[in-house]
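Participant: First to last, the protein sequences are chains H and C. For the first sequence, counting from 1, position 11 maps to 102 in this note's numbering; every step adds exactly one. For the second sequence, counting from 1, position 22 maps to 26 in this note's numbering; every step adds exactly one.
Worth flagging that the hints you see were computed from the coordinates, not collected in a lab. Computed from a predicted structure; not experimentally measured. Honestly, I wouldn't trust all of these hints.
[Stated by the list, open to error] Not the full set, but computed from the structure, chain H residues with beta-carbon under 8 angstroms of chain C:
(1) 137
(2) 138
(3) 141
(4) 152
(5) 194
(6) 195
(7) 199
(8) 200
(9) 201
The beta carbon of each residue, even a glycine, is placed where N, CA and C say it ideally should be.
Here is what each chain is made of, one letter per residue.
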Amino acid sequence: EVQLVESGGGLVQPGNSLRLSCAASGFTFSSYNMNWVRQAPGKGLEWLSYISSSSSTIYYADSVKGRFTISRDNAKSALYLQMNSLKAEDTAVYYCARGYSSSSMDVWGQGTTVTVSS
Amino acid sequence: DIQMTQSPSSVSASIGDRVTITCRARQGISSWLAWYQQKPGKAPNLLIYAASSLQSGVPSRFSGSGSGTDFTLSISSLQPEDFATYYCQQANSFPFTFGPGTKVDIK
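Using the sequences and the hints given, assemble the complete structure.
Facilitator: What follows is the structure in structure tokens.
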């Protein structure tokens, strides 16, 4: 079964850091581009970051540029999001999503919740 | 950044109704558009990619059309499991952007 499972969320104080992980299974992870998308409570979807299959191309949303870092380990079939200098407005459910045809996203994890609060 | 808008923001419909949702891009995006369905507490589910290609496993009552700046998602005969929020997403250029969503609920 094709699956993505996020982990690493939790409660963190403003200014602190958190590292999210996304474990992939059921497909050849190294062949796919990957994305991070988040959803604040009661809000819509916000794309955060993209990484190509070989890690050669990376993009970020302006809202996280300079604070968040996407990376992947193809040997471990894992995707990561290092989040630094967290703010209250980063509170959200964070999803990893597999890149698909025409840069859509066809497989999503169940999400991991990040709460930034003192 | 390419801003995406959707209309209506919500729609009340009955089982069997035809529902049409519109998505508009601030600038042309060719056919680089996807549609997702999201139910409360769940991850989004890809319905349509490349503006009009039906994702495998998605019922044929869902269809997408459009190119350039104007796109539509249609549900030909609304079923109970279709009550959800629908989002469009442009994939023409980074940063990818989503529309604000359209909530489809029961009349």
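Participant: Hint by hint, which ones does the structure fall short of?
Facilitator: none
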